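Colleague: Produce the entire structure from the sequences given, and follow the hints as far as they go.
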Amino acid sequence: MLGSGRDERAWVRGAQAGSASDLEALFRQHWPLAYRAAYLVLHDRAAAEDVAQEAFLAAVRALDRFDRRRPFGPWLHRIVVNRAIDWARRRELRREVGGEALAEQPAAPTEDSGHELRLARLSPDHRAVVVLRYLLEYTPGEIAQLLDLPRGTVNSRLRRALDELKGQLE
Amino acid sequence: MRLDRIPIPPGDEQRAWEIVRAAFAEREPVSWPRRHARPIAVAIAAAAIAGLAASPPGQSVIRDLRDAIGRERVVGVRPAHRELVRLPAPGRLLIDSPRGPWVIQANGSRRLLGPYSMASWSPHGLFVAAIRDYELYALDPQGNVRWSKPRKQKLASPRWSFEGFRIAYLSDASLRVITGDGVTDWSLGAADASVAPAWRPQTHQVAFVGADSAIHVADVDARRLLWKAPAGGVLRLAWSGDGRRLLAATRRQIAILDASGRRLGVVLPPRGFSLVSAAFQPGAETVAYAATSGTRSRVYADSRLVFSGAGSFAGVEWSPDGAWLLIPWPAADEWVFVRPGLPRLVAVAHIARQFDPAARTPRFPLVDGWCCPS
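Going line by line, the protein sequences match chains A and B. Sequential numbering of the first sequence, starting at 1, is according to our numbering. Sequential numbering of the second sequence, starting at 1, is according to our numbering.
Note that these hints are calculated values from the structure, not bench results. One or more of the hints may lead you astray.
[Claimed, not checked] Calculated from the model, a selection of chain B residues having no Cβ within reach of chain A, i.e. all distances over 12 Å:
hint	residue
1	147
2	344
3	360
[Unchecked claim] Have a look at the derived ranges for each label pair, beta carbon to beta carbon:
hint	chain 1	residue 1	chain 2	residue 2	range
4	B	182	A	152	50 to 60 Å
5	A	66	B	115	41 to 51 Å
6	B	179	A	28	20 to 30 Å
7	B	258	A	46	24 to 34 Å
Remember, it's a predicted structure, so these values are computed and weren't measured experimentally. For every residue, glycine included, the Cβ atom is placed at its ideal position computed from N, Cα and C.
Modeller: Okay, structure coming up:
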């Protein structure tokens, strides 16, 4: 169940005033999407759980400074995706000393696992823009703002990512 | 592909909610003036920068204003020593700073060993094993190189056996062992490179996390696996001093196994807290651990709370005599030494600056080990 913008603003206001039930409403609405977005960038369930959890903890710490006229989702997605990219980069570094061991056991194949696997072959930066554009449905301009990148960089990453995905399909 | 088709493992959301709720319960709500302090302070800061930025008093004003506009800062233990002048227990500390490992003597004197990382003590503190790029080094505590072993892959987490005749280390995706003189080197199999191996005291058996995430214990000289126990998400392995117990810490629990891999018990952190690190007390089976809720952290020894504070702790380290615990506290830029069971506490502030003095933004060092008295 998705809350309306008015519900969300009320939950943010309540949470800022100390209401745990309002915070829980925000959490229940946004955590699954945060987890799934992190999973698509990281392709690792444990890491996705950690990133989604850390993003919410960061949001709780910064809640008092949050401008409640703005939507909560993009603010949270910005934290999730940036943390997921950082995590993926750190993992790339660690992979030099044992990445095979860090990889998650493959899950049972699903209808979507082919797409997931192809996405997983992209670099973390490319995965992030694809997830934001085509799954979370942000515009390139919004992605540029979320990731603090020039819009041209977002467009070029999207183009390269799509070329790569297309190449994998061929 | 649709986002809602990506399955979420059962229990993950609830577990995350418990931690977020605990963090929320411990946060201090901010009143109106502080919530709106940022734009006000930014305006004041702009004026201050214009007039005062160049002068030393100006720098001080800007620092204070930066603090006022919400940079996260935790007030640590007060009073705290401004400088580490001595350790509260015998022994020497080995720490990993951005400039390399430092050896700190009990009297507070210190020496930078050089541009190495991931250092660890030999069993009697006579040598230090460390990594630089693709090379494993054996150093003396003055930083002189005894030998080095280059390899083609990046290396991690060297650990000495009880008498110093073997060093286990991680290379590429495998656990390797080299003799203490640096001559003979062999592989023990695939391993998780994020968890340091742990030698069983008085033996040539080593515990490590395999590529299958299970805990493996191998006889190094016979080059064979003795046993393995299923596990996942292990952060740290450590043997008790008598080699009868093996501790395997994950974020959610500390499993205590016997020397044949049988599970003897489990230590759970408080609800809403995740484990950061755990260690056996030297000469005992008491376990100390650090756990965090995200905004608050606690250290327990023998299941009793011995210290808590805001932010996260970077681990927990026993003194060699088992009397003191060192709690590195990056958020407060302090080391806190506590004596479990007694009302004794020593805090030392400005830790990052002491070990990374030239940096504009000094990084808080990691504690690699507190070793035997010299």
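Colleague: Each hint should be assessed against the structure and marked as holding or not.
Modeller: Verification of the supplied hints:
1. A cut-off of 12 Å between C-beta atoms confirms that residue 147 of chain B is not in contact with chain A; the least separation is 21 Å.
2. For residue 344 of chain B, the requirement that its beta carbon stay farther than 12 Å from each beta carbon of chain A is met, with the minimum near 32 Å.
3. With a least beta-carbon separation of about 21 Å from chain A, residue 360 of chain B lies farther than 12 Å from that chain, consistent with its non-interface assignment.
4. Taking 50 to 60 Å as the suggested C-beta distance range, the pair residue 182 of chain B and residue 152 of chain A conforms, at roughly 52 Å.
5. Separation of residue 66 of chain A from residue 115 of chain B is about 42 Å and conforms to the stated range, judged on CB atoms against 41 to 51 Å.
6. Taking the beta carbon of each, residue 179 of chain B and residue 28 of chain A are about 57 Å apart, not inside 20 to 30 Å as hinted.
7. A hinted range of 24 to 34 Å for the beta carbons of residue 258 of chain B and residue 46 of chain A is consistent with their spacing of about 27 Å.
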